[in-house]
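Just so you know, our numbering puts 52 at position 51 of the sequence shown, and the rest follows in order with no gaps.
If you're looking for bench data, these hints aren't it; they were derived computationally from the structure.
Think of the CB as a built atom: it goes at the ideal place given N, C-alpha and C, for glycine as much as any other residue.
Treat the hints with care, as some may be off.
What the hints assert, rightly or not - Derived CB-CB ranges, DEER-like:
| # | residue 1 | residue 2 | range |
| --- | --- | --- | --- |
| 1 | D45 | A19 | 33 to 39 Å |
| 2 | V61 | F29 | 32 to 38 Å |
| 3 | Q22 | Q67 | 27 to 33 Å |
| 4 | D45 | A11 | 17 to 23 Å |
| 5 | G42 | Q22 | 16 to 22 Å |
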Amino acid sequence: MPPDIFISFAHVDDQSFANQQQGWITHFTNHLRNELNRRMGRKDNYHFWKDFRLQGNDAVTPEIEQQVTQANK
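With these hints in hand, go ahead and build the complete structure from the sequences.
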């Protein structure tokens with residue numbers, strides 16, 4: 002199933018600050034999912050995709066290319 006929502010980010014931007022457990026991207030993603038679940042009634046009403054494995058300067062994988070190409074068509 003192609004994603005309705007594709008989150009693209011640099012992992013360096015998701016580092017947590019000293020007094021926080023999560024980086025801002027993870028925090029945003031969690032709140033976005035919670036709000037979508039509340040508004041849509043169920044989490045299976047949409048498909049959310051975020052790549053946790055790709056690190057800086059890594060080559061874009063075929064999986065990422067496919068997810069971007071198919072996102073919200």
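Status of each hint after checking the structure:
no.: 1; hint: D45 to A19: 33 to 39 Å; in the structure: 37 Å, holds
no.: 2; hint: V61 to F29: 32 to 38 Å; in the structure: 22 Å, violated
no.: 3; hint: Q22 to Q67: 27 to 33 Å; in the structure: 32 Å, holds
no.: 4; hint: D45 to A11: 17 to 23 Å; in the structure: 29 Å, violated
no.: 5; hint: G42 to Q22: 16 to 22 Å; in the structure: 29 Å, violated
The structure is inconsistent with the numbered hints 2, 4 and 5, although it conforms to all the rest.
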